[in-house]
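Number of protein chains: 2
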Amino acid sequence: MFNFNYYTPTKVVFGKETEKQVGRLIKEFGGSRVLIHYGGKSAVRSGLINQVKEALDNEQIPHVELGGVVPNPHLGKVREGIALAKAAGVDFILAVGGGSVIDSAKAIAYALADPERDVWELFQHTRKAKGCLPVASVLTIAAAGSEMSNSCVITNEETGEKRSYNDDIARPKFAIMNPELTMTLPDYQTQAGATDIMMHTMERYFTQGGNMELTDELAEGLLRTVMKYAEILHADPANYEARAEVMWASSLAHNGLTGCGNNGGDFASHMLEHEMGGMFDVTHGAGLAAVWPSWARYVYREDLPRFVRYAVKVMGVNPAGKTEEDVALEGIHKMEEFYHRIGMPVNMRELGIAPTDEQIREMAESCVRASADGHIGSAKVLYLEDMIAIYKMAR
Amino acid sequence: MFNFNYYTPTKVVFGKETEKQVGRLIKEFGGSRVLIHYGGKSAVRSGLINQVKEALDNEQIPHVELGGVVPNPHLGKVREGIALAKAAGVDFILAVGGGSVIDSAKAIAYALADPERDVWELFQHTRKAKGCLPVASVLTIAAAGSEMSNSCVITNEETGEKRSYNDDIARPKFAIMNPELTMTLPDYQTQAGATDIMMHTMERYFTQGGNMELTDELAEGLLRTVMKYAEILHADPANYEARAEVMWASSLAHNGLTGCGNNGGDFASHMLEHEMGGMFDVTHGAGLAAVWPSWARYVYREDLPRFVRYAVKVMGVNPAGKTEEDVALEGIHKMEEFYHRIGMPVNMRELGIAPTDEQIREMAESCVRASADGHIGSAKVLYLEDMIAIYKMAR
Numbered sequence: 287m288f289n290f291n292y293y294t295p296t297k298v299v300f301g302k303e304t305e306k307q308v309g310r311l312i313k314e315f316g317g318s319r320v321l322i323h324y325g326g327k328s329a330v331r332s333g334l335i336n337q338v339k340e341a342l343d344n345e346q347i348p349h350v351e352l353g354g355v356v357p358n359p360h361l362g363k364v365r366e367g368i369a370l371a372k373a374a375g376v377d378f379i380l381a382v383g384g385g386s387v388i389d390s391a392k393a394i395a396y397a398l399a400d401p402e403r404d405v406w407e408l409f410q411h412t413r414k415a416k417g418c419l420p421v422a423s424v425l426t427i428a429a430a431g432s433e434m435s436n437s438c439v440i441t442n443e444e445t446g447e448k449r450s451y452n453d454d455i456a457r458p459k460f461a462i463m464n465p466e467l468t469m470t471l472p473d474y475q476t477q478a479g480a481t482d483i484m485m486h487t488m489e490r491y492f493t494q495g496g497n498m499e500l501t502d503e504l505a506e507g508l509l510r511t512v513m514k515y516a517e518i519l520h521a522d523p524a525n526y527e528a529r530a531e532v533m534w535a536s537s538l539a540h541n542g543l544t545g546c547g548n549n550g551g552d553f554a555s556h557m558l559e560h561e562m563g564g565m566f567d568v569t570h571g572a573g574l575a576a577v578w579p580s581w582a583r584y585v586y587r588e589d590l591p592r593f594v595r596y597a598v599k600v601m602g603v604n605p606a607g608k609t610e611e612d613v614a615l616e617g618i619h620k621m622e623e624f625y626h627r628i629g630m631p632v633n634m635r636e637l638g639i640a641p642t643d644e645q646i647r648e649m650a651e652s653c654v655r656a657s658a659d660g661h662i663g664s665a666k667v668l669y670l671e672d673m674i675a676i677y678k679m680a681r
Numbered sequence: 287m288f289n290f291n292y293y294t295p296t297k298v299v300f301g302k303e304t305e306k307q308v309g310r311l312i313k314e315f316g317g318s319r320v321l322i323h324y325g326g327k328s329a330v331r332s333g334l335i336n337q338v339k340e341a342l343d344n345e346q347i348p349h350v351e352l353g354g355v356v357p358n359p360h361l362g363k364v365r366e367g368i369a370l371a372k373a374a375g376v377d378f379i380l381a382v383g384g385g386s387v388i389d390s391a392k393a394i395a396y397a398l399a400d401p402e403r404d405v406w407e408l409f410q411h412t413r414k415a416k417g418c419l420p421v422a423s424v425l426t427i428a429a430a431g432s433e434m435s436n437s438c439v440i441t442n443e444e445t446g447e448k449r450s451y452n453d454d455i456a457r458p459k460f461a462i463m464n465p466e467l468t469m470t471l472p473d474y475q476t477q478a479g480a481t482d483i484m485m486h487t488m489e490r491y492f493t494q495g496g497n498m499e500l501t502d503e504l505a506e507g508l509l510r511t512v513m514k515y516a517e518i519l520h521a522d523p524a525n526y527e528a529r530a531e532v533m534w535a536s537s538l539a540h541n542g543l544t545g546c547g548n549n550g551g552d553f554a555s556h557m558l559e560h561e562m563g564g565m566f567d568v569t570h571g572a573g574l575a576a577v578w579p580s581w582a583r584y585v586y587r588e589d590l591p592r593f594v595r596y597a598v599k600v601m602g603v604n605p606a607g608k609t610e611e612d613v614a615l616e617g618i619h620k621m622e623e624f625y626h627r628i629g630m631p632v633n634m635r636e637l638g639i640a641p642t643d644e645q646i647r648e649m650a651e652s653c654v655r656a657s658a659d660g661h662i663g664s665a666k667v668l669y670l671e672d673m674i675a676i677y678k679m680a681r
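Going down the list, the protein sequences come from chains A and B.
Each residue of the first sequence is one higher than the one before, counting from 287 in this note's numbering.
Each residue of the second sequence is one higher than the one before, counting from 287 in this note's numbering.
Hint data in this document are derived by calculation from the structure and do not stem from the laboratory.
Honestly, I wouldn't trust all of these hints.
A pair counts as met if it fits within one copy or between any two copies, since identical chains are not told apart.
[Unchecked claim] The calculated lysine-lysine pairs, modelled on BS3-like cross-linking and capped at a C-alpha distance of 27 Å, are: (1) K414 <-> K620; (2) K620 <-> K599; (3) K306 <-> K327; (4) K416 <-> K306; (5) K306 <-> K414.
This is chain A alone, in the form it adopts within the complex:
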């Protein structure tokens, strides 16, 4: 077990009609001039943006707005937000959307706290953030966990680089989570979200050493819960209870809770997927499903007891009379069966992309550049040739 810090200051306000509290909450956390940041037109069409503006008007909180954030959010939109927020004298950023919108909001908030320097430097890891304006969200997609996390992932659309920067000062002040707001999501987005949620915890689960039984128990319970309710939502997308279970899991899967005591997590699947997202603009969760089985088969022998435990406790494999290796492989296979049941891919072909050998090398080389020391992962430490091998297995 390793020493750890756990810091989740975000106030969660969860349940039906909670978006009505947004004005009061912004006041509680000191916001006096707000940038409302959002994604596509669905947030406008559904009336949510208008409701949020009314709630702010009711508290006499001035606001400006900027929509158009896309999945794998662009640095260009971040720069647009910075300019608008500066001009308007904004002191609080409210994201209305999912992880992409929240991450875009965090990037704007970093920039406004240090307006003389280029925010992309943070994502290049050439400096650390000096500060961050307060950020909060009205969540409309359960997936990224950005509503409580310290992480922020931005794509530089000019270079195709998708890069992350993590800092506790960007943890949101509050998160309004009304599961009803996620009900109109297409099933593919819902299931990609569930996949992402599970992966945030799986990345922390498959590590070499440092594990804590309490953390493992919480992680396994969370994973079982997401699997159960993702399948329910595949058949019954308007099921409130199922929406709520998955939504709350999205926050707990990535706020640090399921990683306490371990060595910081593996996160190789995320790093490998980020390159796929940067090059092909695939849906993040679906990209994770497409790469994880190949990653798992490439690394499982290095961390066999955990893959066995995962198979038995999460995937329900009966270990009686089987070798550890067979149990671990059956667990990976059952995970693929689960992905198929919820309409997720298990390889790149099913994801709809077909990278050439050159593109695979390009992604792997970019992944090496994005890593701190030229390698990724902890369940098994992966170097350039390992990444290429996994991409090829996943093709």
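Given chain A's structure and the hints, the job is docking chain B onto it.
Frame of chain A; chain B shown alone:
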């Protein structure tokens, strides 16, 4: 499922030698003049108080100190702390100890933020707190969960009333948790702590309705973990991993995590025990063990599916071929067997107290007065005669 708020702003710094960070953390959270509050002489003898003072000196943070907080902490000591802190111009209260010391610190912090009014009014529920000075802790006992919770329990030693006041503004700024600091605890205190930890989650688990599968999974995982490591500590008190599992569980069991989505919890066992603590000054966790089995047998029929689930998922009862009632009762019986294995009582006789009928009525009447509307509990709503019946069953 009910709407819920979840707010756990406390920064947890967990692991070996983390107490060395106390000065830096106080600075981070704006403390400039500190009251160091602690309990008995063991914190002084062990050298911990000196280490804390050195850490503050190294950061040039002036401090005063007040020891002598007893279990079931006294209002008189709170008043002493208020006077000392006022005179010294303290702006930050650091508790070095367990739940009693942290609760005493919270009460002092409430008073200093509103110095004209009597702090006991909060515990009489005749007004709400206007503010609270920042509080933090160096934890030395895993039990109460006060290091992350919004709760505070004080005993008015003149009237024998043990009363609680809960408010998010008292949630501590940080908690330093080094499991090594708990290693010298007597086994009885360790196990009473484990019992209290479990009960904080059980109080949230046995409720009528509003449960969330994710919350239940987390609760069950936490309970299994505490049981496992409490037994290990009974045999091997210096086991670091076991100390760490139980310590981290103490915070998660009572910070709100294991109650999300339910109706606020039952807490009847806590209310019944508070009266025993107020009248007989028993160890809180041991008092809970002495009353819970009787409470459970009195109420289980009202909430049978949950008692069955608890028996199967937490106590490991095999339900095959048994009625639901038998499964539920076997679960309660197995809980008693667990209490005995870790040296805890399962009734008042084993706890070492023998209240008369008059004393039982007095405790029940005081419990009614302490309740909001003359009744307690939610798994089954309990009135005066129910409380008397449970106390008599537990005698």
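Structure-based check of all given hints:
1. Taking identical chains as interchangeable, the C-alpha atoms of K414 and K620 are never at most 27 Å apart, the minima being 41 Å within one chain and 53 Å between chains.
2. Taking the shortest alpha-carbon separations for K620 and K599, both the intra-copy value of 12 Å and the inter-copy value of 23 Å come in at or below 27 Å.
3. Proximity of K306 to K327 under the C-alpha cut-off of 27 Å is restricted to the intra-copy arrangement: shortest distance 20 Å within a copy versus 52 Å between copies.
4. In this assembly of identical chains, K416 and K306 lie within 27 Å of each other by CA distance solely across copies; the values are 25 Å between and 33 Å within a copy.
5. With identical chains, the CA atoms of K306 and K414 are at most 27 Å apart between copies only, with a shortest distance of 25 Å across copies and 36 Å within one.
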